[in-house]
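Trainee: Chains as they are written, first to last, in the working numbering: chain A, 1 to 402; chain B, 1 to 402.
Accuracy of the hints is not assured; some may be wrong.
Stated by the list, open to error - Pairs of lysine to any residue, SDA-like flavour, derived with a Cα cap of 20 Å:
#1 A:K83 to A:T63
#2 A:K54 to B:P396
#3 B:K54 to A:A399
#4 B:K54 to B:H34
Unchecked claim - Here are the computed distance ranges between Cβ atoms for each label pair:
#5 A:R283 to B:A87: 16 to 26 Å
#6 A:M394 to B:A86: 21 to 31 Å
#7 B:G232 to A:L359: 36 to 46 Å
#8 B:R374 to A:N352: 45 to 55 Å
#9 A:D202 to B:S85: 24 to 34 Å
#10 A:M394 to B:D218: 52 to 62 Å
#11 B:S85 to A:M394: 17 to 27 Å
Because the hints were derived from the structure by calculation, they are not lab data. Please read all numbers here as calculations on a predicted model, not as lab measurements. In this text, a Cβ means the ideal position worked out from N, Cα and C, and glycines have one as well.
Number of protein chains: 2
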Amino acid sequence: MSSLKGTAVVAHGGGPTQVINASLAGVIEECARHAEITALYGACHGIAGVIEEKLLDLGNQETALAAAIAQTPGSALGSCRRKVSAADYDRILAVFRAHDVRYFFYNGGNDSMDTALRISEMAREQNYEMRVIGIPKTIDNDLAETDHCPGYGSAARFIACALRDIGEDNRSLPTPITVVEVMGRNAGWLVAATSLARAQPDDAPHLIYFPERPISEDQFVADVQSVYRRLGRCVVAVCEGQLNVKGEPFGADMVKADGFQHKLAGNLAHKLAQLISSRLGLRARSEKPGLLGRSSAEFVSVVDREEARRCGQAAVRAAMEGITDKMVTLVREPGPAYACGTGLAGFEKVANAERLFPLEWINVAANDVLPPFRAYVAPLAGPIRAHPHLARVMVPAAAPAR
Amino acid sequence: MSSLKGTAVVAHGGGPTQVINASLAGVIEECARHAEITALYGACHGIAGVIEEKLLDLGNQETALAAAIAQTPGSALGSCRRKVSAADYDRILAVFRAHDVRYFFYNGGNDSMDTALRISEMAREQNYEMRVIGIPKTIDNDLAETDHCPGYGSAARFIACALRDIGEDNRSLPTPITVVEVMGRNAGWLVAATSLARAQPDDAPHLIYFPERPISEDQFVADVQSVYRRLGRCVVAVCEGQLNVKGEPFGADMVKADGFQHKLAGNLAHKLAQLISSRLGLRARSEKPGLLGRSSAEFVSVVDREEARRCGQAAVRAAMEGITDKMVTLVREPGPAYACGTGLAGFEKVANAERLFPLEWINVAANDVLPPFRAYVAPLAGPIRAHPHLARVMVPAAAPAR
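Can you build the whole structure from these sequences, using the hints too?
Mentor: Spelled out as structure tokens, the structure:
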């Protein structure tokens, strides 16, 4: 049991997820169980809220609200992307001292874990006793040391269903090519998840590209042409961070000799649709589901939400046990049925590290996932309904030839 | 009872909706009840499937499949946007004769009803007895003579939830302005529906623009500035067909004297975000949910799906009663509780007509809906959960001034 009494502060860093508020609910619930925690404050808009001393009293909320907040997207506290300066760290400690803050729970990605580590180091330098625990969060799933990140399962569920439904739309109309841009920054975890709802060989997406496997524009066009020749249509999923073979952002320089002399405009999906129209003469449209990928409340994975909550609870319990400078991790248990516990990893192993999509889960052609990925992701996203199709029983021709 | 025996053909026209397959299920189910209908074929990819004699045997499907198909997005038959030529009409009649087609059910928008009317007229000219009935369909809700269109309720549900969730994301991060582009062509029905999930005065969207009310770029910028001053943020919903005061597409010509000399690039939302950044110096992002607005299966409104199905059934029943040249309509019953039956309207009243959003449901400032619209749309979209928020109980400042 912890003998350190004082205030706890919880803050969010980086972009929200569909379940970051479930982690917040876990923190609120668990803090209420420990008498050592004399007050719980939420920093408004992340670490900026500490620096500006904008703190929300989370002990002063209606009892049922934590559970209700767990169901909401966005960040209930507000978040930020602020780079913290040396002077800021002094200020953070001054605010913590003024409110007798002895516990700091930072829910974010690798940048946030770096900030958390520095806060803890500065507290030690100043002989101010406190415990700092990180709670993982990112739809991109690119944090080191954890099997997966809270937020990823729901974002994977959204994008899998999005490609399933966009695929049905693509099947319906004579615009044969649809290019969909998927979040994920430098990591292919989310774009890989677009494969999850496929049930039939001709289901979308037909091509998936990963930042971890740079491709040439020529290869991209050839891939699309090949699928089009086979199916008469093609749905492509591409990560926003896709690179070309020069290591540049894909589409940065697509000036070609074959009559395609202008720089391509718009977002990546739009550029790729333009490229396909120009090179293959096919009608192509682009889609960018954007913010809905991390906020659409109807696509929350139950497993993801529950794990996010447990990560919040585990952070508080670790601090109560006297632990500091660790991020909570998710640890998948071996065995055929999905089960996942929590563990801890040192901030230094997580801060500023980036876990990319495994190359061994990408096919040789660098345009699809391999089966082991499905086994990894399916329990995180939860069951997804496949759409049935009419049997293609054609009526024999009877009309006179035209 | 009908004494006309023969084959029935059902076809889809225009873009799919989340519930067009529910109307197809209604046609399949009802046709099975009438011995006069000796076979039921589905035209592959709309009227093009008739012209090319690509017909799917819908009597030869598993019994449970119609019900299953009713749950799917896209068009299970395939659709098209083909303009039908004079020669095509001859060919359509030739194919109908060859297969003894006496019933034609065309599920589409106003263009499709025009095509249906011409087919029927040509059949009469050629003394070929047949009955042609239209089934309404459009997410845009712009068909005349019907209280609303199957497809609109689900698309309204999607976009209301999208703005609700994008609004939570906007609330979370310090990028204060988000502009969301909404489908709807020339009609403001869908952009109006973005208001539906608002529960608190500061909920998104804060501004809604309608093609029926052209606005100037200056007015737009002033509106955003006004909301930003009040709330520190602003979420804007704008219809893809928005016009400026010259009657041009909004953003077509935004070259301004105040240092903003280049033409704006990208889609409408992207242009407006650029305009805000340039004129107000505020960070702005753009979102375009796109195809998901008509295909996302998780957002189907139960009322919409059921009504779509009933429209399919009503079309077959009307034909059985000897009726032709009519489109099924939805007729809202008067009274406080929502109830809706079906009616019929002549093709000539629907074909090529367009029902715009009522000006009396738009506020004087031309940037929001008025309450009667909510009463109209709420039962069509179904109940939508609002997101709760933490009480803003701030902790008193205690740290030394910086």
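Trainee: Can you tell me whether the CB distance of D202 of chain A to S85 of chain B sits inside 24 to 34 Å?
Mentor: Since the Cβ atoms of D202 of chain A and S85 of chain B sit about 31 Å apart, the hinted range of 24 to 34 Å holds.
Trainee: Could one say that the CB atoms of M394 of chain A and D218 of chain B fall in the range 52 to 62 Å?
Mentor: 58 Å, holds
Trainee: Range hint 36 to 46 Å: satisfied by the CB atoms of G232 of chain B and L359 of chain A?
Mentor: 44 Å, holds
Trainee: Verify the CB-CB distance for M394 of chain A and A86 of chain B against the hinted window 21 to 31 Å.
Mentor: 28 Å, holds
Trainee: Assess, step by step, whether the Cα of K83 of chain A is no farther than 20 Å from the Cα of T63 of chain A, and give holds or violated.
Mentor: 34 Å, violated
Trainee: Below or equal to 20 Å on CA atoms is what counts here, so check K54 of chain A against P396 of chain B.
Mentor: Answer holds: K54 of chain A to P396 of chain B is near 9 Å, not above 20 Å.
Trainee: Within a Cα-Cα threshold of 20 Å, do K54 of chain B and H34 of chain B meet the stated pairing?
Mentor: 24 Å, violated
Trainee: Does the Cβ pair S85 of chain B, M394 of chain A satisfy 17 to 27 Å?
Mentor: 25 Å, holds
Trainee: Between the beta carbons of R374 of chain B and N352 of chain A, is the distance compatible with 45 to 55 Å?
Mentor: Since R374 of chain B and N352 of chain A have Cβ atoms about 49 Å apart, the given range 45 to 55 Å holds.
Trainee: Is the gap between the beta carbons of R283 of chain A and A87 of chain B within 16 to 26 Å?
Mentor: About 24 Å separates the Cβ atoms of R283 of chain A and A87 of chain B, which means 16 to 26 Å holds.
Trainee: Holds or violated: are the alpha carbons of K54 of chain B and A399 of chain A at most 20 Å from each other?
Mentor: It holds: about 11 Å lies between the C-alpha atoms, which stays within 20 Å.
In the structure shown, a violation is registered for the earlier hints numbered 1, 4, in ascending order.
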